[in-house]
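Chemist: Sequence:
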Amino acid sequence: IIPDRIEAATFLIAGAMAGDKVRIKGAREDHLTALLGKLEAAGAVMKRYEEAIEISRPSAILPVDVITAPYPDCPTDLQAQWIAFMTQAEGSSVIRDDIYVDRFAHVPELVRLGARISLEGNTATIEGPTELVGAPVMSTDIRASASLVLAALVAKGTSEISRVYHLDRGYETIEKKLTALGARMERVADDRRLQKG
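Per our numbering, the sequence shown starts with residue 356, numbered consecutively.
One or more hints might be untrue.
[Said to hold, decoys possible] Label pairs and their in silico Cβ distance ranges:
| # | residue 1 | residue 2 | range |
| --- | --- | --- | --- |
| 1 | 456 | 541 | 31 to 37 Å |
| 2 | 543 | 396 | 34 to 40 Å |
| 3 | 356 | 512 | 28 to 34 Å |
| 4 | 544 | 385 | 22 to 28 Å |
| 5 | 415 | 476 | 17 to 23 Å |
| 6 | 486 | 543 | 22 to 28 Å |
| 7 | 482 | 381 | 22 to 28 Å |
| 8 | 482 | 356 | 18 to 24 Å |
| 9 | 512 | 404 | 24 to 30 Å |
| 10 | 376 | 482 | 26 to 32 Å |
| 11 | 376 | 531 | 26 to 32 Å |
| 12 | 536 | 385 | 32 to 38 Å |
| 13 | 544 | 415 | 36 to 42 Å |
| 14 | 473 | 359 | 20 to 26 Å |
[Unchecked claim] When the alpha-carbon atoms are kept at most 25 Å apart in a straight line, the in silico DSS-like pairs for lysine-lysine are as follows:
| # | residue 1 | residue 2 |
| --- | --- | --- |
| 15 | 402 | 376 |
| 16 | 532 | 402 |
| 17 | 376 | 532 |
| 18 | 511 | 532 |
| 19 | 532 | 380 |
| 20 | 511 | 380 |
| 21 | 511 | 531 |
These are computed hints drawn from the structure, not numbers from a lab. Just so it is clear, CB atoms sit at the ideal spot from N, CA and C, and this is done for glycine as well.
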């Protein structure tokens, strides 16, 4: 069984965005070539091992534009997470989704956390860096949920993400994995909300 490249990529982005050092065991470099190139362009510090990829946040995250495309290029399933990451970049970046042109329901929720994002058609322009601030937000799909979790990791204060059942469809016990890496988060209210802070 091959590892889930989108889950591995989400954790790599989390490490580049918020982590001192994160090692993703079982991540297949050959499945993540496009993303790894984008992370390196953003300044992420990476070490590659036979059975793992290690990543840590750079001293300054550089803005990197992305255009989604079918595999092996940058997948649409990482567009939301990349937008969250680029809120911390030193400058302006552009993300264009040519696969799902209206897949931006996470943008208003990221804006609620303080992100500066403008939308025009299938293109989002992100102005960074932004100091995100905790707020109640709502997930709309699997990847939007992941982007909100990533943003909450770096936001000041408490964030509460509702409708996390979307998250559970793509990420098994993400809160336990992130807590093991040092994040402070918990699932509350009948497993329907995730709270960080």
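Chemist: With reference to the structure, classify each hint as holding or not holding.
Modeler: Tested hints:
1. 456 - 541: 31 to 37 Å: With Cβ atoms ~36 Å apart, the hint holds.
2. 543 - 396: 34 to 40 Å: 37 Å, holds
3. 356 - 512: 28 to 34 Å: About 39 Å separates the Cβ atoms of residue 356 and residue 512, which means 28 to 34 Å is violated.
4. 544 - 385: 22 to 28 Å: Since the Cβ atoms of residue 544 and residue 385 sit about 41 Å apart, the hinted range of 22 to 28 Å is violated.
5. 415 - 476: 17 to 23 Å: Since residue 415 and residue 476 have Cβ atoms about 30 Å apart, the given range 17 to 23 Å is violated.
6. 486 - 543: 22 to 28 Å: Distance hint for residue 486, residue 543 holds at roughly 25 Å.
7. 482 - 381: 22 to 28 Å: 35 Å, violated
8. 482 - 356: 18 to 24 Å: Once the Cβ atoms are compared, 41 Å apart, the range 18 to 24 Å for residue 356 and residue 482 is violated.
9. 512 - 404: 24 to 30 Å: This hint is violated: roughly 36 Å between Cβ atoms.
10. 376 - 482: 26 to 32 Å: Once the Cβ atoms are compared, 28 Å apart, the range 26 to 32 Å for residue 482 and residue 376 holds.
11. 376 - 531: 26 to 32 Å: 19 Å, violated
12. 536 - 385: 32 to 38 Å: 25 Å, violated
13. 544 - 415: 36 to 42 Å: Holds: the Cβ-Cβ distance is about 38 Å, inside 36 to 42 Å.
14. 473 - 359: 20 to 26 Å: 31 Å, violated
15. 402 - 376: 10 Å, holds
16. 532 - 402: At roughly 20 Å apart (the allowed maximum being 25 Å), residue 402 and residue 532 satisfy the hint.
17. 376 - 532: 14 Å, holds
18. 511 - 532: 21 Å, holds
19. 532 - 380: 12 Å, holds
20. 511 - 380: 29 Å, violated
21. 511 - 531: 21 Å, holds
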